[in-house]
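Protein chains: 2
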Amino acid sequence: SLNVGPNGEMNLPIWQKFKKSGKMAGCVTTVPITHATPAGFCVSTKSRNSQEDIAEMYLDLGFDIMMGGGLNYFSPELRKDKKDMFDAFKSKGYQVARNRSEMMSTNNEKPILGVFAEDALPYSIDRNNDKTLQEKIPSLAEMTQKAIDRMKSHKNGFVLQVEGGKVDWAAHANDIGGLIYDQVAFDEAVKVALDFAEKDKNTLVIITTDHGNANPGVIYGKNANTNFDSIQNYKHTNEWLLNEIKPNSTVAQVREIIDFANGTTLNDDDAKTVLSYYDGLHKEEGGLYNYKKLPFKAFAEMQQKSNSVGWISMDHSADYVELAMFGPGSELLKPFIKNTDLHYLMLQAAEVENKF
Amino acid sequence: SLNVGPNGEMNLPIWQKFKKSGKMAGCVTTVPITHATPAGFCVSTKSRNSQEDIAEMYLDLGFDIMMGGGLNYFSPELRKDKKDMFDAFKSKGYQVARNRSEMMSTNNEKPILGVFAEDALPYSIDRNNDKTLQEKIPSLAEMTQKAIDRMKSHKNGFVLQVEGGKVDWAAHANDIGGLIYDQVAFDEAVKVALDFAEKDKNTLVIITTDHGNANPGVIYGKNANTNFDSIQNYKHTNEWLLNEIKPNSTVAQVREIIDFANGTTLNDDDAKTVLSYYDGLHKEEGGLYNYKKLPFKAFAEMQQKSNSVGWISMDHSADYVELAMFGPGSELLKPFIKNTDLHYLMLQAAEVENKF
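From first to last, the protein sequence lines stand for chains A and B. Residues 1 to 356, numbered by the numbering used here, are exactly what the first sequence covers, in order. Residues 1001 to 1356, numbered by the numbering used here, are exactly what the second sequence covers, in order.
Just chain A, same shape as in the assembly (with noise of 0.2 Å):
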């Protein structure tokens, strides 16, 4: 459930408050924009996972631009009810951009939907190694920008958050490349937050996360450094592969797969044990995350031996995580701080009272 008390009381979440104070608010995000994080701070449900639902109460609630992925909830060919919301935002006034260029020839004068992909957009590596991926795809940098421009001239301000949601699907699939290019994407985009607020002087950035993951970490070796280093030379992620692979690949061909995807080169036995998940048989374990139920954490440990890099599991981790504020209003972060209290400083450092 998001914003459901434990005696199943709906919270107002808080993405509304500020549109009540009169603010301007807005999502982006590399996963679906109806998945749980952006859904979290702007709506009440009991399902998070109902996201064609989710996806209509944000037609209701009129946020001021919301990008992401997820066709599945929006495009009449694929929700189960066969709506059409895109239809539905465009005579509500809605803006409506499927792709980068019409992304960015949108105006910063009417709200904005982008939707750029069936569910999640593609992670940043695969992305990076894919010519027509990035025509087609905007980075999270770039939704950032047109977020900011679209709402930073409001005269009562706005709140925008940006997820790179796909860090974490990286973790769950212990795809250390998918992790890497996708933070190293969540960092671009915290640039351009932070370079608008040093010039606006009057914005609070806050970087955080909602939990660890996985618990990735170099491991100590002779050949740590240059283990960890070969990660550069990864073209794709994991999921790439394994999905180039099929039941009838031969073992020349999934190594062939894995050096152009990797840039190095698998032994027959590790290659062989990764055909055998495509036999029908042998099939790895995983949930949400692994529906395919590709062999993501048996190759995750082979790649260790040329990597260096140790997973604890495929699921959240419960260690404390960073919290780093930049502007007015970061004066009031303690040392340490509960999640719930956020919400709290949040609405406090915009000096929004909370009488909703």
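In case anyone wonders, no lab produced these hints; they're calculated from the structure. Even glycine gets a Cβ: it sits at the ideal position worked out from N, Cα and C.
Think about it this way: if two alpha-carbon atoms lie no more than 16 Å apart in a straight line, the pair counts; the simulated EDC-like pairs of lysine to aspartate or glutamate are: (1) Lys1155/B to Glu1109/B; (2) Lys305/A to Asp269/A; (3) Lys1019/B to Asp1060/B; (4) Lys305/A to Asp1315/B; (5) Lys19/A to Glu351/A; (6) Lys293/A to Glu244/A; (7) Lys1222/B to Asp315/A; (8) Lys83/A to Glu52/A; (9) Lys222/A to Asp1315/B; (10) Lys82/A to Asp53/A; (11) Lys23/A to Glu353/A; (12) Lys1297/B to Glu301/A; (13) Lys1246/B to Glu1256/B; (14) Lys1305/B to Asp1229/B; (15) Lys1305/B to Asp315/A; (16) Lys1080/B to Glu1052/B; (17) Lys305/A to Glu1285/B; (18) Lys297/A to Glu1301/B; (19) Lys305/A to Asp268/A; (20) Lys83/A to Asp60/A; (21) Lys292/A to Glu244/A.
Derived CB-CB ranges, DEER-like: (22) Lys293/A to Ile1337/B: 41 to 49 Å; (23) Thr1265/B to Glu284/A: 24 to 32 Å; (24) Lys82/A to Glu1322/B: 51 to 59 Å; (25) Leu332/A to Leu1333/B: 16 to 24 Å; (26) Gly8/A to Lys1191/B: 42 to 50 Å.
For chain A, the structure is supplied; the task is to place chain B on it using the hints.
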């Protein structure tokens, strides 16, 4: 090597700089007092493993209090060269303590050497559940208090290094009971230091570690809280229980030992798997920290089902580590600092010119 530069140059260790500037200097640890960390503060040597030689260097250098494990490197029965290092320290004016009560009855007027176990001291969780060990071995907090009492009245001040060294060893063994209770024992030693500094008002306390290890973390799941709390029922380390199991133990006995040590029942299949490592054919990898090749890793993976704790490896990791300071000089601490810069920060905080 310790304090040896890339071109073989021998650097003066920081505890020697402090001694030369007229301060008292000491070390206490839960591992051998000749082990890498205390030795790194005290001596220059090409081999960190030449612990017999390191014991002799300590004698020459005349530190004011040195306590921990390491009979292997001091006792004539255990040293390869049969030298009686205890006699040598006594002739140099040292009080020698071989157990907790001898340590408690040392006076604070003369230097102290305390050596309480052949190699490292026992893990705290094993000590907590064994009356004999509690009587024989002091806790890290008790050693810390003794060291402060010995040195606190010195007119030019003192430096003390306190190491919870077995936290590292527990991580090498993926041994969560060992790790948590030794971390708590370290925390209690930190309290002793902070209590003193708070009253003294002229002492800087620095709390940090030299590296991450095995990146333990709690893994998400419906029962993660309850599972993690089950560690409160542990009476002994995995090291203790795996050493209780013998090649001729039955599956029922294996289950009984684990039930006693962890308060958790292992299933028959897992118990059989544990036992299979004792047949002389199946042995676990492992060097320095698993010389008996016991199934530390395999058993930690079984425990994961009941305690929700995961590990990335059995070796050090490259993570950033925490660094905290309390007292005068703590204003020198920047948000991020290189480990090698701490050398200069400590000298500066103590107003010792780096002229040696």
